[in-house]
Amino acid sequence: MSIDIGTPSLRTGTELVPAADGPQTGKEFTSDQEVRWCPGCGDYAVLKAVQSFLPDLGLRRENIVFVSGIGCSSRFPYYLDTYGMHSIHGRAPSIATGIATARADLNVWVVTGDGDALSIGGNHLIHALRRNVNMTILLFNNRIYGLTKGQYSPTSEVGKVTKTSPMGSLDHPFNPISLALGAEATFVARTIDSDRKHLTAVLSAAAAHRGTSLVEIYQNCPIFNDGAFDAIKGPEADTHLLRLEPGTEVTAGGRTWAHDPTAADPADQFAVSRLGDTAGPLGLGGPIPIGIFRQVERPTYDDLARAQVDQSKAAVEGTPTERLTRLINAGDTWNVGG
Amino acid sequence: MSLGSYPITPATDILHELSKHKSFGVTTLQAEDEIAGVGAAIGAAFAGSLGVTTTSGPGIALKSEAIGLAVMTELPLLIVDVQRGGPSTGLPTKTEQADLLQAMYGRNGEAPVPIVAPQSPGDCFAAAVEAARIAITYRTPVMLLSDGYLANGSEPWMIPDVDDLPLIDPAFATGPNHVSKKSEDGEPDEFWPYLRDEETLARPWAVPGTAGLEHRIGGLEKGDGHGNISYDPANHDFMVRTRQAKIQAIAKSLPPLEVDDPSGEAKVLVIGWGSTYGPIGAACRRVRRAGYHVAQVHLRHLNPFPRDLGEILARYDKVLVPEMNLGQLSKLLRAEYLVDGIGYNHVRGLPLKAAELAEAIGQLVGQAEGIDVDLGEHGLNPPADHEEAPLS
Ligand code: SF4
Numbered sequence: 001m002s003i004d005i006g007t008p009s010l011r012t013g014t015e016l017v018p019a020a021d022g023p024q025t026g027k028e029f030t031s032d033q034e035v036r037w038c039p040g041c042g043d044y045a046v047l048k049a050v051q052s053f054l055p056d057l058g059l060r061r062e063n064i065v066f067v068s069g070i071g072c073s074s075r076f077p078y079y080l081d082t083y084g085m086h087s088i089h090g091r092a093p094s095i096a097t098g099i100a101t102a103r104a105d106l107n108v109w110v111v112t113g114d115g116d117a118l119s120i121g122g123n124h125l126i127h128a129l130r131r132n133v134n135m136t137i138l139l140f141n142n143r144i145y146g147l148t149k150g151q152y153s154p155t156s157e158v159g160k161v162t163k164t165s166p167m168g169s170l171d172h173p174f175n176p177i178s179l180a181l182g183a184e185a186t187f188v189a190r191t192i193d194s195d196r197k198h199l200t201a202v203l204s205a206a207a208a209h210r211g212t213s214l215v216e217i218y219q220n221c222p223i224f225n226d227g228a229f230d231a232i233k234g235p236e237a238d239t240h241l242l243r244l245e246p247g248t249e250v251t252a253g254g255r256t257w258a259h260d261p262t263a264a265d266p267a268d269q270f271a272v273s274r275l276g277d278t279a280g281p282l283g284l285g286g287p288i289p290i291g292i293f294r295q296v297e298r299p300t301y302d303d304l305a306r307a308q309v310d311q312s313k314a315a316v317e318g319t320p321t322e323r324l325t326r327l328i329n330a331g332d333t334w335n336v337g338g
Numbered sequence: 001m002s003l004g005s006y007p008i009t010p011a012t013d014i015l016h017e018l019s020k021h022k023s024f025g026v027t028t029l030q031a032e033d034e035i036a037g038v039g040a041a042i043g044a045a046f047a048g049s050l051g052v053t054t055t056s057g058p059g060i061a062l063k064s065e066a067i068g069l070a071v072m073t074e075l076p077l078l079i080v081d082v083q084r085g086g087p088s089t090g091l092p093t094k095t096e097q098a099d100l101l102q103a104m105y106g107r108n109g110e111a112p113v114p115i116v117a118p119q120s121p122g123d124c125f126a127a128a129v130e131a132a133r134i135a136i137t138y139r140t141p142v143m144l145l146s147d148g149y150l151a152n153g154s155e156p157w158m159i160p161d162v163d164d165l166p167l168i169d170p171a172f173a174t175g176p177n178h179v180s181k182k183s184e185d186g187e188p189d190e191f192w193p194y195l196r197d198e199e200t201l202a203r204p205w206a207v208p209g210t211a212g213l214e215h216r217i218g219g220l221e222k223g224d225g226h227g228n229i230s231y232d233p234a235n236h237d238f239m240v241r242t243r244q245a246k247i248q249a250i251a252k253s254l255p256p257l258e259v260d261d262p263s264g265e266a267k268v269l270v271i272g273w274g275s276t277y278g279p280i281g282a283a284c285r286r287v288r289r290a291g292y293h294v295a296q297v298h299l300r301h302l303n304p305f306p307r308d309l310g311e312i313l314a315r316y317d318k319v320l321v322p323e324m325n326l327g328q329l330s331k332l333l334r335a336e337y338l339v340d341g342i343g344y345n346h347v348r349g350l351p352l353k354a355a356e357l358a359e360a361i362g363q364l365v366g367q368a369e370g371i372d373v374d375l376g377e378h379g380l381n382p383p384a385d386h387e388e389a390p391l392s
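Residue numbers (the numbering used here), protein chains in the order written: chain A, 1 to 338; chain B, 1 to 392.
All clues stand as given, with none of them false.
Straight-line C-alpha distance at most 25 Å; calculated DSS-like pairs for lysine-lysine:
| # | chain 1 | residue 1 | chain 2 | residue 2 |
| --- | --- | --- | --- | --- |
| 1 | A | K233 | A | K48 |
| 2 | A | K197 | A | K48 |
| 3 | B | K331 | B | K353 |
| 4 | A | K27 | B | K182 |
| 5 | A | K48 | A | K27 |
| 6 | B | K267 | B | K318 |
| 7 | B | K20 | A | K313 |
| 8 | B | K267 | B | K331 |
| 9 | B | K267 | B | K353 |
| 10 | B | K318 | B | K353 |
| 11 | B | K181 | A | K27 |
| 12 | A | K313 | B | K22 |
These are calculated hints, taken from the structure and not from any lab test.
Excised from the complex, chain B in its bound form (with noise of 0.2 Å):
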C-alpha cells in the first residue's frame, strides 16, 4: 500500500505508524500538502497500489477535488478522515461527528463515496479492513470516518488470527475484455476501461506495464464501456447514475444489522455510528437497569445504508439519534427512509455522557409508551456508577 499524507491533528499518528511498518512493503511519503498527498494516493492506485490518504476535517475539504478524480477514474482509494471539532480550524484536539455530510455530499457534482464508521478504538483495525474491501473490489474511493476520541482512545482488543483475515484480491485485469469489430475469432480483442463486472459494477483494474492494455482515464466524462471522452447527454445521465447504482450494490454485500433488544418490547429505537457506541450503549443500559424497554441499533456503513435499516425503523415508535454534530444523520435518515427521527445533539467538542443521554431515552420511552420515567440512580442521580455490573 502506499500512504500519501500531511501532518494534520488528530490524524498523524497513523502517518508516524506506518511509516515504521515499511518491512511490510509499506511506502508513506509525506507529502507538500494535503491535495498532494491525496494525489500521490491515487498515482499509487492507478500504479497498482492500494493508495491511502490520511487527514482530518480541513484535509477533507482541501481533497475535495481529488477525491472526486477517483470517483470518477474509480481507482481504489481509503481516506481515513479522523474527525475533530470545526468548522474551521475549530478544535483540532477535541472530538466531533460533523464531517458525515461533508464525506457525504463535500464534493462537485454527484460524486458518492461510501463510507465505512469503526465504533470503537478495537473496531478501528476492523473498520479498515472492511473499507479497504470496498474500496478494492468495488474501485472506489471509501472514506473511513474515525474522530479524535477514537484516535486518542485505547481498550482492550481480541487479536484477529492473521489466516482469518479476508483475503482481498485485486484481480488485475490481464487481458482484453471486448470483442472489436475487427475480431477474427469472435474472442476479445481490445480492452475497455469502462466495462463493468454485472455483479458489483465495478470496472477492470489494468495497472501501468500490463501489454495491450494501455488506457487514458481522467476526469473528464467518459463514454460508456470504452471509457473514451464523451459529451453526450444520455451517456452522461447514464454514467451519473451507474456510479451511483455502483455505490448503492455495496449494500448488497453487507451483513443484516444486528439490533440489540433484549426485551424484545421496545417501542423506542436508538440509532447511531461511530465512536458514540460505547456511551449510547452504557445509556440503554441504565435505562433497562432501572425497567424499561429499550432498543440500540449501531451503524458502521453509512453509505450505502445497509438493506435492512428501513425495515428496522419502521418496528419502533420512536427513534432517538444522538451525534455529536447537530443532526447529520437525523438528516440523512429522514431523507431516505422519511422516519422522524428526534435529535440528541451535543457539540462540546467530548464524548457524549451515558447518564445525560439515558435521561434523553428515559423521557422518551415515557412519551412513547405514555408512562412516567423516573430512571432514579440510573439516571442523572447519583449513585450513577453502575458499569461495574452488567446487566445480565
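Isolated chain A, as found in the complex (with noise of 0.2 Å):
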C-alpha cells in the first residue's frame, strides 16, 4: 500500500536559515588554522573561493555547517570560522542528512574528494542525491588518491600508472555527473578550480538550491596528478571546453537541442554529461562540458520528515507529559494492590 504523502509548500533557497544582521567579510569566515596542503595544490583556490563567496550568501555565519570525509579536501571545514565537522572517511553525507534533517535552520555543505565520496562513501552520496537531503556537495575531483600519496581513484582513466596500478588501472572510472544524474539529483554541476569565476557563479547556483546540490570540481593535485586538467585550462582552454548555460547549443548522436537544465526528464542532461571523454585523459575526446547540468525543483527529504512531524504533534492534544502519560498507559493494564 502507498499513501499520498501530500506535496507540502516547496521551499526555496536558504529562506529557513536566519539572515545576517549586516554585511560580512570574507575574514570573519576564515579560522586561524594554518593551512596544510601542498604548495600549489588547486585545494586553496577552492578555499578563497569559498571564503569570498560566504559572506554574500547573508547567512548567519553560526548558521552554517561544513561537513568533510577523509582525504587533502577534507580538511576544509578547519578552515572556515563557521560550525564544522571533519568525519570519517565516506560518510560525510550521512552525517550532512542528520544535521539538516534536525534542524531547518542551518546551511550545510559537505566537502569530499573522489576517493571519498564515490570509493568509500559512493553508498552515501547516491542516496543523498536519490533523498534530495537539503546540502551542497563539494566533490573534489583530482582524479588521484592524494592524502595516502598517490594510488589510482574511481575517477582516474584507465590503464592510470599509479604505485598501486604499475601495469596502469584496470578500473573503469565513474564520470561523477553522469552518476548524480543516474540518482536523480536535482542539481548537478561542474567547475574547475583555477576559473574563480565560473567557481563561484556555480557554487552560488548550488547554495541556493534548496535540496541536494552535487558540484564537481577540477582540482589539480600537483603532486601526485600533475596537469590532469591542463588540456582543459589555459590559452586553448576554450576549444576544449563546452561552458553550458541554459540554451547552449548541443549535438549528440546526430541530434541538436538547446540545453534546459530545468527539465525533469534528465534524458538529455544525462547525453550532455556523455560529452567529451571523462574516462579518459581531459581534452582529447572532444570538448568538456562544465557548468550546471541540472537544476529542477522536488521537496527535500528533511523538509518532509520535519512535515510529518508537524502533522503529527498537531494531530494531538494536550501538553508533552500529558501525551507521555497517555501512550504509557495505552494497552493492557491493569491496577494492583491498594
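Starting from the two chains in their separate frames, assemble the complex, guided by the hints.
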C-alpha cells in the first residue's frame, strides 16, 4: 500500500536560515588555523573562492555547517570559521543528512573528494542525492588519492600508472555527473578550481538550490597527478570546454538541442554529461562540458520529514507530559494493590 | 531525538515503534545502511538532538568506526544493540550475550564506551533512560545491551509517573568559556570546545546556530582544551587518559549494588548481567528452598563497573558467572578485580534454564562449604515447578 504523503509548499533556497545582521567579510569566515595543503594544490583556490563567496550568501555564520570526510580536501572545514565536522572516510553525506534533518535553520555543506565520495562513500552519496537532503556537496575531483600518496581513484583514467597500478589501472572510472544524474539528483554541476569566476557562479547557484546540490570541481593535485586538467585550462581551454548555459546548443548522437537544466526528464542532461571523454585523459575526446547540467525542484527529504513531525504534533492534544502519560498507559493495563 | 537505523533482526521493532511517535518530535530515518544510520545520529547530535541508533551485533561491527568518531568528538549518542546469536549472521532470531566484549573493546584505539544492560523486558524503559542520562551528561556514546530474549519477551511493567522521570538537562553551551590573552576585562572571550567540566570531565555541547561558539571537531586528535588538531605526543597520551577517566567518572553517579543474600551466610556469589537476571534469580531461589545459602548480584552497568563491585566480590569464597557466551563478563571481572570467577556458559541461542543452573550453583555451594548438596525436587529432579510458591 502507498499513500499520498501530501505535497507541502516547496521551500526555496535558504529561506529558513537566519540572515546576517549586516554585510560580512571573507576574513570573518577565515579561521585561525594554518592551511596545510601542498604548495600549488588546487584546494587553495577553492578555499579562497568559498571564503570570499560565503559572505555574499548573507547568512549568519553560526548557522553554516561544513562537514567533510577524509582526504586532502576534507581538511576544508578547519579553515572556515563556521561550525564544522571533519568526520570519517566516506560518511560525510550521512552525517550531513542527520544535521540537515534535525535543523531547518542550518545551511549545510559537504566537502569530499573522488575517493571519499565515490569509492568508500559511494553508497551514502547516491542515497543523499536520491533523497534530496538539503545540502551542497563539493566533490573535489583530482582523479587520484592524494592523502595516501598516489593511488588510482574511482575517477582515474583506465591505464593510469600509479603505485598500486604499475601496469596501468584496470578500473573503468565513474563520471560523477552521469552518476549523480542517474541517482536523480536535483542539482548537478561541474566547475574548475582555476576558473574563479565560474566556480563562484556555480557555487552561488548550488547554495541557493534547496535540495542536494552536487558540484564536481576539477582540482589539480600537483604532487601526485599534476596536469590532469591542463588541457581544459590555459590559453587553449575554450577549445576543450563546452560552457553550459541555459539554451546552449548541444549536439550529440546526430541530434542538436538547446540545453535545459530545468527539464524534468534528465535524459538530455544525461546525454550532455556523456560529452567529452571523462573516462580518458581530459581534452582528447572532445570538449568537456562545465556548468549546470540539472537544476530542478523537488521537495527535500528533510522538509518532508519535518512536515510529518509537525503534522503529527498538530493531530494530538495535550501537553507533552499528558501525551506521554497517555502513551505509556495505553494497551493492557491493570491496577495492583491499593 | 533523532533515530538513524537500518532494519535488522531482532532490533527492527524499535524502529517500527519510534516511527509511530513523530508527535513527540521524534525523527526516524531508515538509512541506506548501518553506517549511515549511526552517521545520521551523530550528525543530529552535533545539531543538538539526542542521536540514537538501533541494531544487532552485525550492525555494531559496521558502526564501529563511527562510534569511535563519537568517542573522539564527545557527542551524546545512544547505541542499542539487541544481541542475537553470532558470529556473522549466526542465529538472527535467537538470543545470546556474546557482544559484551565487542561493546567494550570493538573499536580501533583506546575508545571507551559506557555500557548499560537491562535485566528484564520491563526494565528496558528505565535502562534506556539511564543510558540517555549518561550519554547527555557525559557527552559520550553509550551502548545499551539488550538481547533477543528481552526484545521478544514481555512481563507486567509498573507504569511510571511521568513527573517522576528524571529531567536530563542538555546544558547547551551559551557563551565563551575561556579567557584569551586578548580579553581586556578578564572575562571569557573565546570558546574552547574541549574545556571540561571538572566534576564530570564532559566537554561543552555547543550547537550550530549559537553565535560566537563556532568551532570545528572531528576524528583527529584534539589539543587539550582548545580542541585544535594536535599531534603532540604528550597531549595524545593525556587525551587518551582523559577520555578513559571521563568514562570512569560515571561510576561516581551510580547507586550501590544490591546484593541479594537473605541469610547473610552465603559463601557463593552468583553474578550476572542483562537478560539472565530472571533465570539466575529463579535458580538461586531453588537452591535456597533446598536449604542452602547463595548470594546474587546483577550488573546493570558493565562499563564502568559500580564502585562497590570489587569489595562485594571479595566477600565471597566462590563467584559463579552464568552467561550466554563463553565467559566474557568473567574475563572482565578477572582483568579488573583478579577474581577467579567460575564460568557457567551456555550458547544454545536459548535463555538459561533455572533448574540446570541451580544444580551448578548447588555443586559450587557444596565445594565452598565442604558439604554434600542435594537439591532434590528443587533441582533437575522432577517435580521442579516451584515458582508458584515464592520463598517468603
Ligand atoms: S597531495 Fe595533492 S591534493 Fe593533496 S594537498 Fe597535496 S597537492 Fe593537494
